[in-house]
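Residue-level listing of the chains:
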Amino acid sequence: KQEVTQIPAALSVPEGENLVLNCSFTDSAIYNLQWFRQDPGKGLTSLLLIQSSQREQTSGRLNASLDKSSGRSTLYIAASQPGDSATYLCAVRLNSGNTPLVFGKGTRLSVIA
Amino acid sequence: SAVISQKPSRDICQRGTSLTIQCQVDSQVTMMFWYRQQPGQSLTLIATANQGSEATYESGFVIDKFPISRPNLTFSTLTVSNMSPEDSSIYLCSAGTSVSPANTGELFFGEGSRLTVL
Chain A
33 KQEVTQIPAA
43 LSVPEGENLV
53 LNCSFTDSAI
63 YNLQWFRQDP
73 GKGLTSLLLI
83 QSSQREQTSG
93 RLNASLDKSS
103 GRSTLYIAAS
113 QPGDSATYLC
123 AVRLNSGNTP
133 LVFGKGTRLS
143 VIA
Chain B
13 SAVISQKPSR
23 DICQRGTSLT
33 IQCQVDSQVT
43 MMFWYRQQPG
53 QSLTLIATAN
63 QGSEATYESG
73 FVIDKFPISR
83 PNLTFSTLTV
93 SNMSPEDSSI
103 YLCSAGTSVS
113 PANTGELFFG
123 EGSRLTVL
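Residue numbers (the working numbering), protein chains in the order written: chain A, 33 to 145; chain B, 13 to 130.
Errors might be hidden in some of the hints.
[Unchecked claim] Partner residues aside, some chain A positions facing chain B, computed with beta carbon under 10 angstroms: (1) Asn64; (2) Gln66; (3) Gln70; (4) Gly73; (5) Thr77; (6) Ser78; (7) Gln83; (8) Asn127; (9) Ser128; (10) Gly129; (11) Asn130; (12) Leu133; (13) Gly136; (14) Lys137.
Since the hints were derived computationally from the structure, they do not count as laboratory data. By construction, the Cβ of each residue, glycine as well, lies at the ideal position given by its N, Cα and C atoms.
Please work from the sequences and hints to get the whole structure.
This is the structure we're talking about:
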């Protein structure tokens with residue numbers, strides 16, 4: 033059974049810092065991996081999608097990497113801002129068919145002005 | 013991408029009642045799923061909503077408690093039956109299109125429906 037772990041569970045940084053969020057998964061035979069952002073009491077916003085054949089994806093100040101063989105992904109946030117404060121969730125899909133995402137428990141990020 | 017609308021966005025319900033949550037997607041999708049997020053927790057899959065057939069439930073979730081309909085490729089409902097305070101959660105609909113040359117297989121989420129059961 034696929035399990036997804038995110039470290040750290042919570043993180044507090046001063047504004048302007050670069051930071052890294054970690055995600056690991058037990059079954060390396062994934063099809064793709066998504067990073068999401070969730071604001072308190074809200075739904076999920078998809079940030080980045082990495083296919084299993086890709087090594088990284090970038091969107092603005094966000095960069096996600098994937099090392100499928102070791103079962104790890106990282107989300108790098110450059111020059112953090114207070115507006116980045118949210119919970120960041122990592123999730124994986126096992127195949128290309130009608131399969132859901134399996135989620136980690138998330139990292140709660142606070143960026144202090 | 014797919015835009016997903018859920019109704020209601022929030023509700024306060026009495027113990028023993030039932031509530032139906034609607035999920036509408038702005039385009040035809042092949043995949044629809046329902047998740048539950050209990051306070052302070054991550055997302056747990058309730059079931060896969062199958063178009064034109066019975067939903068596929070995860071361990072710990074049963075059809076009598078969480079009946080699901082999916083009459084077409086853009087709409088699904090989740091009913092939370094005979095509610096108790098333990099059902100107080102955010103319920104999220106997720107949708108996307110299976111991987112093809114034209115689709116990445118990315119999954120999208122609605123804003124969620126926050127249920128409080130008294």
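Against the structure, the hints:
| no. | hint | in the structure |
| --- | --- | --- |
| 1 | Asn64 | holds, 6 angstroms |
| 2 | Gln66 | holds, 7 angstroms |
| 3 | Gln70 | holds, 9 angstroms |
| 4 | Gly73 | holds, 6 angstroms |
| 5 | Thr77 | holds, 8 angstroms |
| 6 | Ser78 | holds, 6 angstroms |
| 7 | Gln83 | holds, 7 angstroms |
| 8 | Asn127 | holds, 9 angstroms |
| 9 | Ser128 | holds, 4 angstroms |
| 10 | Gly129 | holds, 6 angstroms |
| 11 | Asn130 | holds, 5 angstroms |
| 12 | Leu133 | holds, 6 angstroms |
| 13 | Gly136 | holds, 6 angstroms |
| 14 | Lys137 | holds, 4 angstroms |
Violated hints are absent here; each numbered hint is respected by the structure.
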